[in-house]
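Enquirer: Can you build the whole structure from these sequences, using the hints too?
Residue numbers (the UniProt record's numbering), protein chains in the order written: chain A, 1 to 338; chain B, 1 to 338.
Hints were generated in silico from the structure; no laboratory data involved. Warning: the hint list may mix true and false statements.
Identical copies look the same in the list; a pair holds intra-copy or inter-copy alike.
Pairs of lysine-lysine, BS3-like flavour, derived with a Cα cap of 25 Å [said to hold, decoys possible]:
1) 284 - 259
2) 329 - 259
3) 284 - 266
4) 123 - 39
Here are the chains, one letter per residue:
Number of protein chains: 2
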Amino acid sequence: MKGNHKTTIRDVASKAGISVTTVSLILNGKGERFSEETKEKVHKAQTELDYYPDYYARGLVGQRTNSIGVVIPDIMNPFFASLGLSVEQAAIPKGYFPQIFSVNGFKENIDYFIEQFASGTQKGLILAAPGASKEIVDKLSTHNNVPMVLTDQADLNINDDRVLIDEEESGEKIAEYILSLGHKHVAFVIPEMLTMNLVKRFTGYEKAFEKYSLKIEKELIFKATFGPEGGVEAAHKIVQTNATAIIAINDDVAMGVYKGLNLLNKRIPEDYSVVGFDDISLNKYLTPSLTTMAQPINEIGEQVVRLLINRIKNPSSAKKTIILNTKLKIGDSTQELI
Amino acid sequence: MKGNHKTTIRDVASKAGISVTTVSLILNGKGERFSEETKEKVHKAQTELDYYPDYYARGLVGQRTNSIGVVIPDIMNPFFASLGLSVEQAAIPKGYFPQIFSVNGFKENIDYFIEQFASGTQKGLILAAPGASKEIVDKLSTHNNVPMVLTDQADLNINDDRVLIDEEESGEKIAEYILSLGHKHVAFVIPEMLTMNLVKRFTGYEKAFEKYSLKIEKELIFKATFGPEGGVEAAHKIVQTNATAIIAINDDVAMGVYKGLNLLNKRIPEDYSVVGFDDISLNKYLTPSLTTMAQPINEIGEQVVRLLINRIKNPSSAKKTIILNTKLKIGDSTQELI
DNA sequence: TCAAATCAGTAAACCGTTTTACTAAGCTTA
DNA sequence: TAAGCTTAGTAAAACGGTTTACTGATTTGA
Numbered sequence: 001m002k003g004n005h006k007t008t009i010r011d012v013a014s015k016a017g018i019s020v021t022t023v024s025l026i027l028n029g030k031g032e033r034f035s036e037e038t039k040e041k042v043h044k045a046q047t048e049l050d051y052y053p054d055y056y057a058r059g060l061v062g063q064r065t066n067s068i069g070v071v072i073p074d075i076m077n078p079f080f081a082s083l084g085l086s087v088e089q090a091a092i093p094k095g096y097f098p099q100i101f102s103v104n105g106f107k108e109n110i111d112y113f114i115e116q117f118a119s120g121t122q123k124g125l126i127l128a129a130p131g132a133s134k135e136i137v138d139k140l141s142t143h144n145n146v147p148m149v150l151t152d153q154a155d156l157n158i159n160d161d162r163v164l165i166d167e168e169e170s171g172e173k174i175a176e177y178i179l180s181l182g183h184k185h186v187a188f189v190i191p192e193m194l195t196m197n198l199v200k201r202f203t204g205y206e207k208a209f210e211k212y213s214l215k216i217e218k219e220l221i222f223k224a225t226f227g228p229e230g231g232v233e234a235a236h237k238i239v240q241t242n243a244t245a246i247i248a249i250n251d252d253v254a255m256g257v258y259k260g261l262n263l264l265n266k267r268i269p270e271d272y273s274v275v276g277f278d279d280i281s282l283n284k285y286l287t288p289s290l291t292t293m294a295q296p297i298n299e300i301g302e303q304v305v306r307l308l309i310n311r312i313k314n315p316s317s318a319k320k321t322i323i324l325n326t327k328l329k330i331g332d333s334t335q336e337l338i
Numbered sequence: 001m002k003g004n005h006k007t008t009i010r011d012v013a014s015k016a017g018i019s020v021t022t023v024s025l026i027l028n029g030k031g032e033r034f035s036e037e038t039k040e041k042v043h044k045a046q047t048e049l050d051y052y053p054d055y056y057a058r059g060l061v062g063q064r065t066n067s068i069g070v071v072i073p074d075i076m077n078p079f080f081a082s083l084g085l086s087v088e089q090a091a092i093p094k095g096y097f098p099q100i101f102s103v104n105g106f107k108e109n110i111d112y113f114i115e116q117f118a119s120g121t122q123k124g125l126i127l128a129a130p131g132a133s134k135e136i137v138d139k140l141s142t143h144n145n146v147p148m149v150l151t152d153q154a155d156l157n158i159n160d161d162r163v164l165i166d167e168e169e170s171g172e173k174i175a176e177y178i179l180s181l182g183h184k185h186v187a188f189v190i191p192e193m194l195t196m197n198l199v200k201r202f203t204g205y206e207k208a209f210e211k212y213s214l215k216i217e218k219e220l221i222f223k224a225t226f227g228p229e230g231g232v233e234a235a236h237k238i239v240q241t242n243a244t245a246i247i248a249i250n251d252d253v254a255m256g257v258y259k260g261l262n263l264l265n266k267r268i269p270e271d272y273s274v275v276g277f278d279d280i281s282l283n284k285y286l287t288p289s290l291t292t293m294a295q296p297i298n299e300i301g302e303q304v305v306r307l308l309i310n311r312i313k314n315p316s317s318a319k320k321t322i323i324l325n326t327k328l329k330i331g332d333s334t335q336e337l338i
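Expert: So, in structure tokens, the structure goes:
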């Protein structure tokens, strides 16, 4: 590139002594019909000039970028970071490049995403941000027709492609496990605001209690901020109750519970049995290892991508909901009540 | 949007009974000169048609998108996730939107990034991926003139804007702290391949040992994969040596060391003093709290963004290197050798 | 009072690709 | 040998904005 002039396809064409059309065709692998000699000339000119087609020009005319957006609520939450990674692993081999948008509580972010998506940047959208989703979904589905797949939410009204886990059953199973160990006074650490999927999960917890002819004790429900700091806080309150087990809404929170109990010189599982949800990879590095309900995160990534690509290629096909199985993973953080 | 026709600026213009130029100017906030009435008409037409300017068209002509790329090596590493967040927090208020690209060991990713950046998608680039950087930097700086800021690397040959910490001094200080506690046999957990910044850090370690007239013992250097799994592995080997302290290359690895020692029923700090590097936020939730060298992550984010914006606005200004201070953070994972 | 300046608005060029529809030359084939 | 088909390549029209340079009407100023 000489001076300030950006290298364009025209430069390549003139350097190769050939028309712009031909260059474009060859560079896009649609030039079977051209002679080997011509192709050679084009490729040579391209490398010599180090030419890269302009992203915007190409997007403008071709209407086909290969980037898909992944909206997650918080990049610091290992579950979502890991979901982002699993989407990446599923999408790249199929020729799509995920772009991760972390909302992180930024109002500006949501506006920006909407603008991006509405203005056609992404070929498709994966929404894993339960909070922000409604706004985005409303805005986008009414006007633009961006292909979308939802995950980690359970609002049944939404008629869209979705990859979910059975929240209720999962909640039930893990609570049941705790109860099967003989615990009767179980503390819960849940966020201030329950998103739809969490409401279901909670219903599951309740069902388990019913099975054991028990009731969840209102005064053992602790609302705390999502994330480990909430767990620490909650632990301080829990030790003042008669609880013997703690169900944290996710592993991230459970990690905070660990810390809180440690600070207060309580032992896990001797003093308190603790369970989480998600099975984030960090789990492996906790001591004692955490009993949790494992989400099939890689499979979620795969299915989400599969659904999205299908929707992109086949816009009018029927919407699908895929429910994946969770799995109880028993660690050393739980023990029978003595 | 009726039928399949995408709503364009021309639709808005004709609906408002006004020229395209006027609409564009007004929508871009450059329409002071127009009457309130006209502005009103434009905005009304815009909302009624739910018009969003096409991202590509705009990018093509304006050459000014407001998105900046942030390349990190691994989204699952809390330090980099957190760096991404801090960049976001610094950039958004200034009207820039960071897009995080996690390399995650994907060769395809690097190619894709280069293509993206070379084709002008991003207005600027923040490179925090020591490994991938060289390739990207080489490719981009020779040909395209993408404004770039580097961080988390210390290759002095690169003539670019950089935000660094003094790796050598930081390494020296933390090693010195360990030695000041009386430890003489210190194990190191470092990655297989040392990037430039880590080489410097290691030099710092050595300097501290020299001060104490000691030498780093070769057989106490353990090479392991980056990330917690490496820490676990290393711990298993370390317990078979006479080491009494462990210096992990970062907190992520230190977390693995914790787990490994726990598995082997070793106590921290009674049996082993352990230190890390970075001060990731997860640290707060480890027990015992980790002694580490804190990187000023928020400040790094701020400075990186400041430098980048300056470079974008002022392309020919002199390149700057900013060195930020780290801080020794003493936790409960270290104690005097008895 | 008339030239100059301001005002409100617009036509048209341009950004760098892709793609459609065309052409001219050479080759079949009957 | 002429009509038709390939072959190898191209000209020009999009795509949907932004921006420059212009215009005609009104106001100002001396």
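Enquirer: Does each hint hold? Answer for all of them.
Expert: How the hints compare with the structure:
1. 284 - 259: both (16 Å within a copy, 8 Å between copies)
2. 329 - 259: both (21 Å within a copy, 18 Å between copies)
3. 284 - 266: The answer is both: 21 Å in one copy and 17 Å across copies each meet 25 Å.
4. 123 - 39: Intra 30 Å, inter 32 Å, cutoff 25 Å: neither.
Of the numbered hints listed earlier, the single one contradicted by the structure is hint 4.
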